[in-house]
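Engineer: Fit chain B to the given chain A structure using the hints.
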Amino acid sequence: MIPKNLRYATTHEWASLDGDVCTVGITQFAVEQLTDVVYVELKPVGTKLKPGERFGEIESVKAVSDLYAPVEGELIAVNDAVVKDPGAVSADPYTKGWIVKIKVAAGTKLDALLSPEQYEQQIATQGH
Amino acid sequence: MGQRTCLYDWHVAHDARMVDFGGWDMPVQYSTIIEEHTAVRTGCGLFDVSHMGRLSFGGPDTLALIQRIQTNNAATMKDMQARYGLVCNDQGGIRDDVLVYRWPYGFAMVVNASNREKIVGWIKETKGTLNVEMQDQTLTTCMIAVQGPKSAELVRGLTEADPTKLAYYYAAPTRYAGNNCAVSRTGYTGEDGFEFMVGARFGVQLWDELLKRGAKPCGLGARDTLRLEAAMPLYGHELSEDIDPYQAGLGWAVKLDKGDFRGKEALMRRQKDATARRRVGLELEGKRIAREGAKVRSCGQDVGTVTSGTFAPTLHKTIAMAYVEPSMAQPGTQCQVDIRGSEVTAKVVPLPFYKRSK
Chain A
1 MIPKNLRYAT
11 THEWASLDGD
21 VCTVGITQFA
31 VEQLTDVVYV
41 ELKPVGTKLK
51 PGERFGEIES
61 VKAVSDLYAP
71 VEGELIAVND
81 AVVKDPGAVS
91 ADPYTKGWIV
101 KIKVAAGTKL
111 DALLSPEQYE
121 QQIATQGH
Chain B
1 MGQRTCLYDW
11 HVAHDARMVD
21 FGGWDMPVQY
31 STIIEEHTAV
41 RTGCGLFDVS
51 HMGRLSFGGP
61 DTLALIQRIQ
71 TNNAATMKDM
81 QARYGLVCND
91 QGGIRDDVLV
101 YRWPYGFAMV
111 VNASNREKIV
121 GWIKETKGTL
131 NVEMQDQTLT
141 TCMIAVQGPK
151 SAELVRGLTE
161 ADPTKLAYYY
171 AAPTRYAGNN
181 CAVSRTGYTG
191 EDGFEFMVGA
201 RFGVQLWDEL
211 LKRGAKPCGL
221 GARDTLRLEA
231 AMPLYGHELS
241 EDIDPYQAGL
251 GWAVKLDKGD
261 FRGKEALMRR
271 QKDATARRRV
281 GLELEGKRIA
291 REGAKVRSCG
301 QDVGTVTSGT
311 FAPTLHKTIA
321 MAYVEPSMAQ
331 PGTQCQVDIR
341 GSEVTAKVVP
351 LPFYKRSK
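Line by line, the protein sequences give chains A and B.
The opening residue of the first sequence carries number 1 in our numbering; numbering runs sequentially from there.
The opening residue of the second sequence carries number 1 in our numbering; numbering runs sequentially from there.
Pulled out of the complex, with its shape left as it was, chain B reads as follows:
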């Protein structure tokens, strides 16, 4: 049996199909993936993302530790800002992709569920003698994502600090129903949206209130098709200990000039590596879906591997992300994808597949 979020009983009571995800029993869908996907693209969807790891940092050396542990520059962050970064191993491979929050009183970091224990261990090891207190708040809090073009009107006035006043990738420590809460204008769907973190015992109350305001509960199935259309990488698929940020197209989140950090030396070398395979988007002919592991070929040669694929409900196209040889990475390049023994024609397309209109 996996770990359970504070919303587990609600999911089961509402006929969600549950799956194991990163060691947690999570809802994959309540209705159908396409219905839930469409709700987020056209209205407002609600996700239980409490399985994500939530770490909080305080103490005089906090900034120094945050700088050492991840690749982006936390020193240039304003209070209340959120920023995407990568935790790299000393070979420059990606240990996790994370969101860093800068509070007036410290920092917080949201990490992937499946990597939480690994990253907590890595932080402890990296910390050395730095004077930082880290708290893992994953089990005592919950995290709910509200995503879609209608989410702003739906969350207006929900917390003491009005979430709709937040700029994209900003956050506010505030209060919900009299209790501590943090809200950020962030998400993983390619739509406008918000993420709320509250104490675990207020999770169901917040969830119910958002439902009452008209949000539709959505599972991890729709979360996957949504992030894929938006070309957001998923750890364990597009990202791994063997892939560096430059290959993944995430070089913008690596600041080599910010001072020393773990993986920096290797990354300075790997940045110049023109031979490494890189992440691209593929659009496939027909409706068969290229799943993880499918080989990409050109003139009979293996030139890459698919990391995720789906039918894109918003675009009505069959899409995939893959790592391919640099010579194959140019948009417009034709290739073949081996789907269970037969080859399907595909072409490289620019990422993201889907971008919302402002």
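Okay, chain A solo, but in the shape it has when bound:
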């Protein structure tokens, strides 16, 4: 259910590091909590981000949530497919529904983020 190859923020973003590019999306749990996503707005490419800094917002019929950068770096790509059709995030949050790519400094690690086990524990206590 929770991919083992990713790291997680307490604010329900996932992060995946490939060289110096970190791909970021939101988790299945977040998608289920939101449901009926109608709108995604993202900061422009080139924006410099610090960990915990807002890089956009995602809105559903029920509620709106900010999206927070899990790592420090520069926003180098946004997923136009999810901006055009926010339903793509709900349909496939871990692959096609990725949201942004952030370029990080060489040698950056994701150690500060939650492991899959830790994230699983967090959402277990939040319940559905």
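Among the hints, erroneous ones may be present.
Each pair of labels, with its calculated beta carbon distance range [what the hints assert, rightly or not]:
#1 A:Ile2 x B:Pro350: 53 to 59 Å
#2 A:Pro3 x B:Arg156: 47 to 53 Å
#3 B:Lys272 x A:Lys84: 48 to 54 Å
#4 B:Asp9 x A:Glu72: 47 to 53 Å
#5 A:Pro3 x B:Ser31: 20 to 26 Å
#6 B:Ser327 x A:Glu72: 45 to 51 Å
#7 B:Leu211 x A:Gly107: 32 to 38 Å
#8 A:Ile76 x B:Ser327: 45 to 51 Å
#9 B:Pro350 x A:Glu57: 28 to 34 Å
Simulated from the structure, these hints should not be mistaken for lab results.
Glycine included, C-beta positions come from ideal geometry on N, C-alpha and C.
Structural biologist: Only chain B this time, still in chain A's reference frame:
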């Protein structure tokens, strides 16, 4: 832990997401809000609305009490008719919006869940020496709404009195599976539909039978988007103790010529108040949703406040209801809505946003 309806176990067993609503644990959705919303607009949806308060009145002075307690005229109601009215405080503010039913043997009233205790207290206080017996049947009965264009064919023959023979806003006391039941052609979605009230221990049986006939279970999430498209006010959002019926666009439910009732004096005054903010519909540009409390502006001035907003699944538009200055209330008027710090252009549109084709 909130109060539970007789369908609570069913909701939980069917993976409904539960929320607190007016002190009750209620299902907000079973699948997705948009899917459930669409089922009601195109087919038939099923709602547990047992949290609504159900009060029953009998005794020689019942009509007199019903007349005193709410703003519409119950004296001109025919037997089996249902009518929308408002319970007002003595300043003319809205204490609740209610549905009054006239039976051959008395009256009934359906009130909002969150207001039930307040209204029961208010009725007792207003009753004085009138000879009326009031029964709160909320906990011993359940209420199920069947809503959507296919609901008539779906409920045909379900009760002894055929519900499909009912005219809009009429009701029948009848029997379901041999037990007392009331059915009315009423609802809160902007579609044709029916509401059933039966003893709490028959609730699951009735619910299951309606499911078997093809109705889709729907939660409060869809109920909210449906009523918003139909521009029906929701207590606690569009209606409050500080808002009078004229501001809310509900002056048609106030009959100042019917005799004395609570709030009448103040309402005679407030009816003439041309300066009070009034309820309007807004259509917003873009997809960001204006939530309750968002400020409405014109030329940098605050001219109103949003009370509810959503993405309208049937209309594919971003809509909201708001209270605005009278000068801003004309359909076509442009304004700005402050959504979390940035302004979005909106225009005033006529209500309702959605009206079903007959």
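Engineer: Which hint numbers does the structure go against, in order from smallest to largest?
Structural biologist: 1, 7
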